[in-house]
Amino acid sequence: MFEKVLLKNMDHPESHTIGAYEAAGGYKALATVLKKYTPDEVIKQVKASNLRGRGGAGFPTGLKWSFVPKDSAKIPYLCCNADEGEPGTFKDRALMEKDPHMMIEGMIIAAYAIGAKIAYIYIRGEYELCINRVEKAIKDATEKEYLGADILKSGFALEVYVHRGAGAYICGEETALLESIEGRRAQPKLKPPFPAISGLYDCPTVINNVETFACLPHIFERGVDWFCSIGPEGSPGPKLFCLSGQINKPGLYEAPMGITMREMIEEYGGGACSGQVKAVIPGGVSAPMFPVSDLDIKLDFESLAAAGSMLGSAGVIVLDDSACVVNTITRITEFFNHESCGKCTPCREGLDWCAKILRRLESGDGKLEDLDQLEALCSTIFGNSFCALGVGASWALQAALKHFRAEFVQHIEEKGCPFH
Amino acid sequence: MELSKKLIEQIQLVAENYPNRRSAIMPALYLAQNRYDCLHGEVLKGIANVLEIPEIWVFELATFYTMYNTEPMGKYHIQLCTNIPCQLRKADILKRFLEDRLHIKTGETTLDGKFTLSTVECIGSCDKAPALMINQDYHEHLDENRVGEILDQLNE
Ligand SMILES: Cc1cc2nc3c(=O)[nH]c(=O)nc-3n(C[C@H](O)[C@H](O)[C@H](O)COP(=O)(O)O)c2cc1C
Ligand code: SF4
Ligand code: FES
Chain U
390 MFEKVLLKNM DHPESHTIGA YEAAGGYKAL ATVLKKYTPD EVIKQVKASN LRGRGGAGFP
450 TGLKWSFVPK DSAKIPYLCC NADEGEPGTF KDRALMEKDP HMMIEGMIIA AYAIGAKIAY
510 IYIRGEYELC INRVEKAIKD ATEKEYLGAD ILKSGFALEV YVHRGAGAYI CGEETALLES
570 IEGRRAQPKL KPPFPAISGL YDCPTVINNV ETFACLPHIF ERGVDWFCSI GPEGSPGPKL
630 FCLSGQINKP GLYEAPMGIT MREMIEEYGG GACSGQVKAV IPGGVSAPMF PVSDLDIKLD
690 FESLAAAGSM LGSAGVIVLD DSACVVNTIT RITEFFNHES CGKCTPCREG LDWCAKILRR
750 LESGDGKLED LDQLEALCST IFGNSFCALG VGASWALQAA LKHFRAEFVQ HIEEKGCPFH
Chain X
10 MELSKKLIEQ IQLVAENYPN RRSAIMPALY LAQNRYDCLH GEVLKGIANV LEIPEIWVFE
70 LATFYTMYNT EPMGKYHIQL CTNIPCQLRK ADILKRFLED RLHIKTGETT LDGKFTLSTV
130 ECIGSCDKAP ALMINQDYHE HLDENRVGEI LDQLNE
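In the order they appear, the protein sequences are chains U and X. The end of the first sequence is residue 809 by my numbering, with every number in the run present. The end of the second sequence is residue 165 by my numbering, with every number in the run present.
Hints listed in this document are in silico derivations from the structure and should not be mistaken for laboratory results. It cannot be assumed that every hint is accurate.
Said to hold, decoys possible - To give an idea of the chain U side of the interface with chain X (calculated C-beta under 7 Å), a few residues: (1) G514; (2) G634; (3) G753.
Just so we're clear, the structure is a prediction, and the values are computed from it rather than from any experiment. Here a beta-carbon is modelled for each residue, glycine too, at the ideal position from N, C-alpha and C.
Here chain U stands alone, though its shape is the one from the complex:
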């Protein structure tokens, strides 16, 4: 079995406390970093590790940090994206509830690298236990001088605050997240300028996901070579996978990337409930689904992109042969329609229209022309949405239409849902 790295402390009953974290070797990496490396050397090592962001897009973390201007008069900010709203995803919740110091240690290393003095952790409002545990962790880390005015007597200073979200999926999009911290409605902003150049309060800002931060202490504790040796070359390092849906052993699993969907479902998830997989969504509901014939595709950034989907949040959702794809994609489209921020017309109006047609199809009142209409709507939304929410929504729907056209047609011909 693969050695657990991110989940190594989870079974300890007190894993969320600073005592347990220190006893397991926590905050040693931070001490090493502050003593041995300049900020530039930290960025160089993170680049060499090829750590890719765990929030959805898989952007190389070291590269993102290197965009922060070195000579700016404005002090950079650091933000942690803990808004985890992608349906099928629960990894950041587990990290914050069970091991908040791992993320905080990573944040301190990142802040040191980019020269931030203030960091905000944006936690979704529903995650009350996470908020309490992270706030306690910040307090305890400050008492032990891992945070505060003079961290481990190095002269480096950092303050961390929690900003509580209030129930809007779009806050996970990084520019919307910054708008929300600034006290505005969470609507995405035009890029460029990218946040690394001009972000929070018009200062350079780095935003990373909870799990991305949690990887950092390990890179500095065990080395870049060790990190690169896990998983495929283009997607190195330990990775959390959230397994849910019609599967015998749903749960949070740690595995190297590059394992196939079949291995994930059979070896970790104990197989589909009915014994027969129908479809798999590999990375939260924004990620286009695959039919059972594609189960040998590997779960890593590059393989999934090449196959027309994405690793996204690594929320692997399994549909067995009792599930209705039309019903599933209807619900997914309704979700995106509900969470559309309303800023741009293709997403705001287009998704509403798609949802209406889908509901009609699901209830048995659809016509064959509806399928062409959906295709046309999808291509309009895909190419013309302002942010990735509209793009993801139409992409997910396109995949359902492509792989499961027969099931849509069956709903039309039988004038009803064959599964209900």
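Please arrange chain X with the ligands on chain U, whose structure you already have, making use of the hints.
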């Protein structure tokens, strides 16, 4: 409306976490929501007063974000997740069960003001689906029996 002295102090304190006062609106709304049963217009105006910012800034956040309640809610706010992993685990049966037991439709509050029933998007319990929240508390691995027991406990 003049907010309570303690609440004003709490809002002033949290505002220090940010370089500008507009950023303190969201935490202030949470603090006020804990203090009063709902965020009616007078409370929102009070927050704007304390932070010395235009009222519209407070109103637009209170209405954009779904976790702020501008209408009174039941004592227990039941929020059933109906997103895909929960739906694949039969959340729709729980929805019907809750509506039958409470004699209300989703989105309504019982006449005695005790329960409000809502459906929500994924709450991060997909591996323990189906799941719901009652106020801030999570309830996971549910079936009709379990939901019935939870309602009985709250009704005692
Ligand atoms: C609609 C939408 C929702 C998103 N939700 C999240 C989220 O909940 N958590 C997250 O970390 N990233 C989310 N992202 C990705 C972020 O915009 C951003 O890329 C990420 O936080 C960067 O961190 P990383 O480089 O460490 O992955 C979302 C993006 C979009 C377009
Ligand atoms: S694509 Fe949707 S969520 Fe994104 S900006 Fe447009 S309306 Fe808002
Ligand atoms: S879908 Fe219900 S908790 Fe995630």
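Results of checking the hints against the structure:
1. G514: Check passed: Cβ of G514(U) comes within 5 Å of chain X, closer than 7 Å.
2. G634: 5 Å, holds
3. G753: G753(U) check fails; min Cβ-Cβ to chain X is 17 Å, beyond 7 Å.
Hint violations for this structure: number 3 only, all remaining hints satisfied.
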